[in-house]
Amino acid sequence: SQQGEEDPQALSIQEGENATMNCSYKTSINNLQWYRQNSGRGLVHLILIRSNEREKHSGRLRVTLDTSKKSSSLLITASRAADTASYFCATDENYGQNFVFGPGTRLSVLP
Amino acid sequence: EAEVAQSPRYKITEKSQAVAFWCDPISGHATLYWYRQILGQGPELLVQFQDESVVDDSQLPKDRFSAERLKGVDSTLKIQPAELGDSAMYLCASSLQRNLLYEQYFGPGTRLTVT
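Chains C and X, in that order, give the protein sequences. Residues 1 to 111 in our numbering are what the first sequence spells out, letter by letter. Residues 1001 to 1115 in our numbering are what the second sequence spells out, letter by letter.
Facing chain X, from chain C, some residues (calculated, C-beta under 8 Å):
#1 L43
#2 L48
#3 D92
FYI, nobody ran anything at the bench for these hints, they're computed from the structure. Predicted model, so just to flag it, every value in this text is computed and none were measured. For each residue, glycine too, the CB sits at the ideal point set by N, CA and C.
Next up, chain X with everything else stripped away, as it sits in the complex:
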């Protein structure tokens, strides 16, 4: 069964350093989401792509976060510089279309710890 791939699974970095996460969605899925999940809370949408275009990044802290999906397939989320408050699970998800009738398929996540 096709899965959403994410790497790395775990990342420890010092504050003020740069960090990047990678996501490979299920083949054929046009919509890709990046979420941040703080321990004990629900996922918070950071950015949503439709193919290679950003359709919603209203919750993305743009002074330090950036995201791209250049060819409309895999995607990278970057944080520079990392802050202690960025420690969280970063989840990537994909769906066939940007329509909430379609379920989202989630990757295993990247656990980020900023020291």
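Only chain C is shown next, with the shape it has when bound in the complex:
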């Protein structure tokens, strides 16, 4: 069963703009991760945030987690054409040990 739900489903922005994607989940989690997938390729891990953390940064990425709202956001600042990809959140279901991926947000960064 897929738990994480990203929105928007698709996002199109100009190079240099910021992109924000959101993920919601239904049950309590230990960890939430964000992955990127270029068209027709495997997924690449971006960042992990634990349930006791509220915000993490990695380069141009900023992830927030609000466990009271069961939601997370991924912000990509100063976007580049190379950021064009699908972005997925993944959670562990009911403190379990299996990743559940959401349907993803397709980001298009136009030059």
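Dock chain X against chain C, hints included.
Quick look at chain X alone, frame taken from chain C:
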């Protein structure tokens, strides 16, 4: 940099035929995952191995799918017989341990088309 290897990259098969996919995880990774990804959707976990043991195959359609990791290293996923609805990307991933603090490393996937 070590990578997860998968083969074949593309497979076209007729329905009712058997098909097999192979995955070689990163050396030293105890946990291996097989996912199915339908176009436009997120990956769905099919089976998870810890070393050579299956620890979760609750989403694996066991009437037609099977998976093994005999020596706790590489793994094979088989579909027999294939159905039209099995057309998807099959992704293999590995991680150091079965702990979600560890990131998963994904292979390039096998694109299956069933005709």
